[in-house]
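2 protein chains.
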Amino acid sequence: MTYTYTYPHLAVTTDIVIFTIRDERLQLLLIKRGLAPFQGSWALPGGFVNPEEALDACARRELEEETGLADIFLEQLYTFGRPDRDPRERVITVAYYALIPSNKLALYAASDAEAVGWFDAEALPVLAFDHKEIVTVALERLRAKLDYSTLAFQFLPDTFTLSDLQRVYEIILGEAIDKRNFRKWVLALDQIEETGALRQGSHRPAKLYRMKEPGSVEIIK
Amino acid sequence: MTYTYTYPHLAVTTDIVIFTIRDERLQLLLIKRGLAPFQGSWALPGGFVNPEEALDACARRELEEETGLADIFLEQLYTFGRPDRDPRERVITVAYYALIPSNKLALYAASDAEAVGWFDAEALPVLAFDHKEIVTVALERLRAKLDYSTLAFQFLPDTFTLSDLQRVYEIILGEAIDKRNFRKWVLALDQIEETGALRQGSHRPAKLYRMKEPGSVEIIK
DNA sequence: TCAAAAGTGTTGGCTGTACACCCATGG
DNA sequence: CCATGGGTGTACAGCCAACACTTTTGA
Numbered sequence: 467m468t469y470t471y472t473y474p475h476l477a478v479t480t481d482i483v484i485f486t487i488r489d490e491r492l493q494l495l496l497i498k499r500g501l502a503p504f505q506g507s508w509a510l511p512g513g514f515v516n517p518e519e520a521l522d523a524c525a526r527r528e529l530e531e532e533t534g535l536a537d538i539f540l541e542q543l544y545t546f547g548r549p550d551r552d553p554r555e556r557v558i559t560v561a562y563y564a565l566i567p568s569n570k571l572a573l574y575a576a577s578d579a580e581a582v583g584w585f586d587a588e589a590l591p592v593l594a595f596d597h598k599e600i601v602t603v604a605l606e607r608l609r610a611k612l613d614y615s616t617l618a619f620q621f622l623p624d625t626f627t628l629s630d631l632q633r634v635y636e637i638i639l640g641e642a643i644d645k646r647n648f649r650k651w652v653l654a655l656d657q658i659e660e661t662g663a664l665r666q667g668s669h670r671p672a673k674l675y676r677m678k679e680p681g682s683v684e685i686i687k
Numbered sequence: 467m468t469y470t471y472t473y474p475h476l477a478v479t480t481d482i483v484i485f486t487i488r489d490e491r492l493q494l495l496l497i498k499r500g501l502a503p504f505q506g507s508w509a510l511p512g513g514f515v516n517p518e519e520a521l522d523a524c525a526r527r528e529l530e531e532e533t534g535l536a537d538i539f540l541e542q543l544y545t546f547g548r549p550d551r552d553p554r555e556r557v558i559t560v561a562y563y564a565l566i567p568s569n570k571l572a573l574y575a576a577s578d579a580e581a582v583g584w585f586d587a588e589a590l591p592v593l594a595f596d597h598k599e600i601v602t603v604a605l606e607r608l609r610a611k612l613d614y615s616t617l618a619f620q621f622l623p624d625t626f627t628l629s630d631l632q633r634v635y636e637i638i639l640g641e642a643i644d645k646r647n648f649r650k651w652v653l654a655l656d657q658i659e660e661t662g663a664l665r666q667g668s669h670r671p672a673k674l675y676r677m678k679e680p681g682s683v684e685i686i687k
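Residue numbers (our numbering), protein chains in the order written: chain A, 467 to 687; chain B, 467 to 687.
Each statement offered as a hint is correct.
Each pair may be met inside one copy or between any two copies, as identical chains are not told apart.
Computed list of lysine-lysine pairs in DSS-like fashion (alpha-carbon distance at most 30 Å, straight line):
hint: 1; residue 1: 611; residue 2: 673
hint: 2; residue 1: 611; residue 2: 687
hint: 3; residue 1: 678; residue 2: 611
hint: 4; residue 1: 598; residue 2: 498
hint: 5; residue 1: 687; residue 2: 650
hint: 6; residue 1: 611; residue 2: 570
hint: 7; residue 1: 570; residue 2: 498
hint: 8; residue 1: 650; residue 2: 570
hint: 9; residue 1: 673; residue 2: 650
hint: 10; residue 1: 570; residue 2: 673
hint: 11; residue 1: 645; residue 2: 678
hint: 12; residue 1: 645; residue 2: 687
Simulated from the structure, these hints should not be mistaken for lab results.
Between the sequences and the hints, there should be enough to build the whole structure, so can you do that?
Written as structure tokens, this is what we have:
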């Protein structure tokens, strides 16, 4: 089958930076490419946009293919279109980023990839295409949004402790946060509430909280 | 001439929201469409991306075609790709926004448009395609960036008074700002310096300032 | 009883906000 | 001399950052 047009059209893909917190680190999902170009290199998951498919839907489809997960936070990041970014032909990619709660981590290899793996955001292998640049932009966006939105909550399960939440901030920002100030701040946001339940451990049990509006990301302050 | 591919490709355009301050109002540039679809409707300037052309370069080319201006602040906004946003076929558009200094306003009609005009951002006519939505997103971005960057400076000529700058903020935000507090704040940013010259008028002359790094947009605070 | 993480308030400094009058010029 | 916009300082309040000890549990 061929596609014919009377003026130039472009190949369009979506690529996704899928973040999670794993092993006390900010990590992201890469696939090992099974096909040329960059066969054997690590790359962001992504694929071509179908003619009848919305961009968001395409990104969401790719996300689900790689992780098996739906109902995940997903946001458009930036569109990359340098003419030489793909050696085959001109391809522009609409990049997205997604945040996976740690408890939903379950990973299976997708059909078109030899392997899939989680990598520390700060210790990535060499990436195919301009994917390094895409990751850099995604990290900037993620860190910036921590300060003025409730984005970080999307890394957590439905219920979580205040220490869990603080740990997310500390891992992504890479610096320690004062416990009392953090708790004062997060409670003042009025975005979470106690469930009444406690989490047991080999130490004092911690109060469990839930988001008042699960899944929503609010712009704050 | 025809273009043939072995898998689907998409039509890709860039559209630009060109802002300026004119007549004490935030205005933007629209063109009256000379061709179907939406013939006779007002629309954002834009056009198809050439196969060898970077996205930024395409947006900059369109900007120059409509305004005759180069060296203008231009930033990618968002990519819109609803499958039904163009009645002809699937077209995705990478939207940009640009800020024109008031003193550079000189406008000539472009070849493919019947007419070009500036419109109040708050009183737009009905727009073609999903351009209303694009403008809404651009306005949100513009207002948000006023708070945490020196974006607003891009609306001003090389030299300007503190009152000029305050007026830009007041017009875009739609609210009055205290003069003393504004001056304290803007000088503390350490982004502008006195030229030594004064601007004469039918009243006390005002000190002229210039940006220390003309054209740069800094993230502040 | 020990280790490990949970939980809890106060203070001082700084930043942001409110507010009103005199100055320099051109007409 | 009048109209117009330019230019200037202070005081109070609210917010943010620094800081250490007690509690509860399981092993």
